[in-house]
Amino acid sequence: MSFRSVTKDFGGHVAVDDLSFDVVAGRVTGFVGANGAGKTTSMRMALGLVAPTAGSALIYGRAYGDLDNPRKVVGAALDGPGAHPGRSARAHLRIIATASGIGFDRVDEVLSQVELTEHASRRVGGYSLGMRQRVALAGALLGDPELLVLDEPVTGLDPPGILWIRELLTRLAGEGRAMLVSSHLLGELAEVADQMVIIDRGKLIADTPLQELLRRRQTIVELRCQNHGAAAAGLEQLGAVVERCDDHLVIRGLSAREIGDTVDRTNAGPVFLLNERVASFEDIYFELAGSLGSDAAQGNIPDAGARAAS
Amino acid sequence: MNALARAEWLRIRSTPTYWWLLLGTVAIGVLGTLAPLIAAKDNSASALLTEQRLREAMHGAAAGSMLVVVAGIIGMAGEWRFGQVTQAFLTTPKRRRVMTTKLLSHVLLGAVFGLVAAIATLATAWIWYRSEGVALPIGRTAVWLTLFGCVAVAMMFGALGIAVGAITRNPVTGIVGALVWLVVVEQTLFAASRSVFRWLPGMASMSLRRQPADGLLAMAPAAFVLATAISALLLVGLWFVERDDVTG
Numbered sequence: 015m016s017f018r019s020v021t022k023d024f025g026g027h028v029a030v031d032d033l034s035f036d037v038v039a040g041r042v043t044g045f046v047g048a049n050g051a052g053k054t055t056s057m058r059m060a061l062g063l064v065a066p067t068a069g070s071a072l073i074y075g076r077a078y079g080d081l082d083n084p085r086k087v088v089g090a091a092l093d094g095p096g097a098h099p100g101r102s103a104r105a106h107l108r109i110i111a112t113a114s115g116i117g118f119d120r121v122d123e124v125l126s127q128v129e130l131t132e133h134a135s136r137r138v139g140g141y142s143l144g145m146r147q148r149v150a151l152a153g154a155l156l157g158d159p160e161l162l163v164l165d166e167p168v169t170g171l172d173p174p175g176i177l178w179i180r181e182l183l184t185r186l187a188g189e190g191r192a193m194l195v196s197s198h199l200l201g202e203l204a205e206v207a208d209q210m211v212i213i214d215r216g217k218l219i220a221d222t223p224l225q226e227l228l229r230r231r232q233t234i235v236e237l238r239c240q241n242h243g244a245a246a247a248g249l250e251q252l253g254a255v256v257e258r259c260d261d262h263l264v265i266r267g268l269s270a271r272e273i274g275d276t277v278d279r280t281n282a283g284p285v286f287l288l289n290e291r292v293a294s295f296e297d298i299y300f301e302l303a304g305s306l307g308s309d310a311a312q313g314n315i316p317d318a319g320a321r322a323a324s
Numbered sequence: 079m080n081a082l083a084r085a086e087w088l089r090i091r092s093t094p095t096y097w098w099l100l101l102g103t104v105a106i107g108v109l110g111t112l113a114p115l116i117a118a119k120d121n122s123a124s125a126l127l128t129e130q131r132l133r134e135a136m137h138g139a140a141a142g143s144m145l146v147v148v149a150g151i152i153g154m155a156g157e158w159r160f161g162q163v164t165q166a167f168l169t170t171p172k173r174r175r176v177m178t179t180k181l182l183s184h185v186l187l188g189a190v191f192g193l194v195a196a197i198a199t200l201a202t203a204w205i206w207y208r209s210e211g212v213a214l215p216i217g218r219t220a221v222w223l224t225l226f227g228c229v230a231v232a233m234m235f236g237a238l239g240i241a242v243g244a245i246t247r248n249p250v251t252g253i254v255g256a257l258v259w260l261v262v263v264e265q266t267l268f269a270a271s272r273s274v275f276r277w278l279p280g281m282a283s284m285s286l287r288r289q290p291a292d293g294l295l296a297m298a299p300a301a302f303v304l305a306t307a308i309s310a311l312l313l314v315g316l317w318f319v320e321r322d323d324v325t326g
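If you're matching them up, the sequences are chains A and B in order. Numbering of the first sequence is given in our numbering, commencing with residue 15 and proceeding in unit increments. Numbering of the second sequence is given in our numbering, commencing with residue 79 and proceeding in unit increments.
It is worth saying that the hints were derived from the structure and are not from the lab. Hints may be right or wrong, so weigh each one.
With a straight-line Cα cutoff of 25 Å, these simulated SDA-like cross-link-like pairs (lysine to any residue) come out [to be verified]:
1) B:Lys172 to A:Ser114
2) B:Lys119 to B:Asp292
3) B:Lys172 to A:Arg76
4) B:Lys172 to A:Ser70
5) B:Lys172 to A:Gly79
6) B:Lys172 to A:Gly117
7) B:Lys119 to B:Trp206
8) A:Lys86 to B:Pro171
9) A:Lys86 to B:Phe160
10) A:Lys86 to B:Asp323
11) B:Lys119 to B:Leu214
12) A:Lys86 to A:Arg185
13) B:Lys172 to A:Leu199
14) B:Lys172 to A:Leu161
15) B:Lys119 to B:Pro290
16) A:Lys86 to B:Gly326
Some chain A residues close to chain B (C-beta under 8 Å, calculated; not the full set) [said to hold, decoys possible]:
17) Pro84
18) Leu92
19) His98
20) Pro99
21) Ser114
22) Gly115
23) Gly117
Computed from a predicted structure; not experimentally measured. The beta carbon of each residue, even a glycine, is placed where N, CA and C say it ideally should be.
Okay, chain B solo, but in the shape it has when bound (with noise of 0.2 Å):
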């Protein structure tokens, strides 16, 4: 398994993509922060240190670790698109073992995602907070908490997106379909139900970043949710892995 998990490393280090998603997690951290800040009427330093104006400048690494999702797609899915899963295959024919192995570095990656986007978002808002002579409590749980939370769900989202990779094998479709899950289909549902669809897994992890939204399930709950709904989909994956035929 040590040296799947390094060839798994060498892969994913030589995949532009990666870094690309890298780049783009710190970019969507810069800019989620300092979106709800500058949109925000009162910038006094009474209003910059509540409980609900820290949660939103912490909001960038929450939407950072979205992308880590897009990375778990890329790293299970990505094998088909190019025949690297031919290769793959015909190196380690134990398929639960190649996925295991993604699995394990895909949620290592997402937590080096979750930390950069985490350190991107508490560097901006430090420079922001600092430019208004207020200075970020990081010690506050608004600010460890929700970033805690943020790295935890990159984590969790990493498992998903091989999850979501070995059930469709195709990147595309794949990304479209869990964003379109994720961003659209669960924020409707919820808008039409609060107390019903708050147990979707995507409503769960908005739980686990602590957004500031009204009638989400409370932490250890939805980390339950979430954790139950990956680990289904990670065994609908494994079987259609195990199951199917490697073709072309």
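For reference, chain A alone in the conformation it holds in the complex (with noise of 0.2 Å):
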């Protein structure tokens, strides 16, 4: 599946701007961004779903239109299973199953697969979300196809859910098949992921392996003392990154002991909190946010000593 310069204008409103990346053959790629980052609405212009204004994604070189019988092809999960609640679930995705050429063989096959078996017979309006979403992984397993493309499939599942979620995407990835998953949270990805692309406000800010994201994971530092203009300056001189929070700075690049010394250097102390811990994901997605932009370039993740040197 390839990106290519996509755009979507909405009436005024671009939820996706000049979007360009490949979901490689074999490997599972992480979509990450806030929620209205553009996801979904890059994921359904891949799918035909939803007209670019610009470029083009295509799926081996063609239009998801274009494809013969989508199904064996891609498969979909996208806003939960896309059932009528009065319907159950055998009788939706054998709906799915007969409109595809699909046997129904396959459809008790994917019911298992998602454990899901026991309750096929009844009606999906009565699914919790964890089963529904489970009817709408069975729905893009159906036609067994080599790539998947994920919506946030663990978004609002209680932990057992999302356990099994990631076992299952697990289980799917070493069986080799291409998958774009998306999720607001780039640490729910880091177990499945090869591959990270993360955009914001539609654009793209880095398309890099995950390797390249773990060691960017350093350790940061929190500090509360008496004076933090003293404090920071005097980090700062040293190299450092510093954030300045309503009550507190976000120190990267120095130890806690290395600016404990310089709080005591600058006299602006007395420190009241310092606390030293390994960036989250969630660190590393809101400095690439608020820092690249609209001018992050693909594949180029800035070092963060380099800004705080320019």
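Bring the two chains, given one by one in their own frames, into a single complex with the hints.
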């Protein structure tokens, strides 16, 4: 699946802006962005549900609408199961199977795969959110496709549901399927994704291997002291990146010991809080989204230290 | 197209609303037949066998066919209600094919509803007439042509429902809009000027169903008017369906 300069303008609101990236065969691509960042719109454009204003999103070089029996090429789970609440999961899947020329035995297979066989005859309207997600995943798997497009598969799920989906995605990835999986939580995808595509306000801010992001999980230190101004100035002289929050500083690039020494040297004390922790994926996301904005280039994650120096 | 048609029938059969509408069609067919018979003051054999009374007795089939419009609107607009349209277009990205399949399926469904309404009407009228000691003259034009017209209108109303559903893509708006137009707006306009407003599609359908009302078009021009109006609405609906993004 390749996105090439894809743009979507909803009557003056640009939801996706000149987006380009690839989903490579046999790899899991995490698609990360805040709510409203343009993930769902991008996926829908690739699946022929939303028409791009400019650019193209192609699957094996063809538009989704030009694929022969697309269910057997791409499986998609968007916005829940898309089933009438008065219909059973089995009937819902059988309708899709019939239209796609897929046998009913495959319906039973995918129901078993998502562990829903026992409840397959019940009406979808009575299902929990987790069960609905399972129906959606079963629909995506029905054609046994090589490529899966899953939009926020863990949203709204309880911890056992999240764990279950994580295990399923890992298993599917192990089968060699390509996947594009979106989430607004970068950390959610860290266990299954090989590649991370991060967008913010419709623009690409990073398209990078997961390993590169893991490398960036540097230590950050939170500091609360008497004189934040003096402390920040001293820390920045040492090359640290200092983020000024309401009642504390967030510092990257120095250890807690170095920061303590600096506070002491600049007479910014006393220290009320000095907390060292490893940066979360969310920290990385905010760092990228906040500093790069629309000027980000594909595959180019700037170095925090270099930015501080500039 | 065959696979898509089979899937559409499976969808229809597994949607509880359709079964309720079919039940409603039977109920309306029975009540619509009984109402004029009960209301009539003269139920003598000679009165029951007049052209006017026979057409009134077959009225139930006409009323029953109205529910086909609702079925068609649900069949099309209902796809947008629970996100089913996403699944439909993921399976069949050519939206024109999806709409064509729905159109043909609901025309066929209209035939089923129309026949069920006709059978309910005939059975009710037959029992009533027999209780009055009169044999229902099924061979009379007033009976079979009225029932034939009701079935034909039910088939066309299936298509009308698909057209309205494609335009509104909201079942409630579609159903309320269609029923208010057919039952209130057209009737009011027709009462104001019969010669002008008999050309409206709802009035044309009344002519096809051989409703006992003066001033309606003849059956042939009525069929042409109704078919033309539905075709135009279908084209508008198709334009909307093919043009608009599916965002949820």
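Verification of the supplied hints:
1. B:Lys172 to A:Ser114: 13 Å, holds
2. B:Lys119 to B:Asp292: 21 Å, holds
3. B:Lys172 to A:Arg76: 14 Å, holds
4. B:Lys172 to A:Ser70: 18 Å, holds
5. B:Lys172 to A:Gly79: 6 Å, holds
6. B:Lys172 to A:Gly117: Since the Cα atoms of B:Lys172 and A:Gly117 sit roughly 22 Å apart, the hinted pair holds (cutoff 25 Å).
7. B:Lys119 to B:Trp206: Roughly 15 Å between the alpha carbons, so the hint for B:Lys119 and B:Trp206 holds.
8. A:Lys86 to B:Pro171: 13 Å, holds
9. A:Lys86 to B:Phe160: At roughly 24 Å apart (the allowed maximum being 25 Å), B:Phe160 and A:Lys86 satisfy the hint.
10. A:Lys86 to B:Asp323: 23 Å, holds
11. B:Lys119 to B:Leu214: 19 Å, holds
12. A:Lys86 to A:Arg185: 19 Å, holds
13. B:Lys172 to A:Leu199: With a Cα-Cα distance of about 34 Å, the restraint between B:Lys172 and A:Leu199 is violated, given a limit of 25 Å.
14. B:Lys172 to A:Leu161: Cα-Cα ~20 Å, so holds.
15. B:Lys119 to B:Pro290: Within the cut-off at roughly 17 Å; holds.
16. A:Lys86 to B:Gly326: 23 Å, holds
17. Pro84: OK, holds: A:Pro84 within 8 Å of chain B, min 6 Å.
18. Leu92: 6 Å, holds
19. His98: 6 Å, holds
20. Pro99: 6 Å, holds
21. Ser114: 6 Å, holds
22. Gly115: With a closest approach of 5 Å, the A:Gly115 hint holds.
23. Gly117: This hint is violated: A:Gly117 lies away from chain B, its Cβ roughly 12 Å from the closest one there, beyond 8 Å.
Hint check: violations occur at hints 13 and 23; the rest are consistent with the structure.
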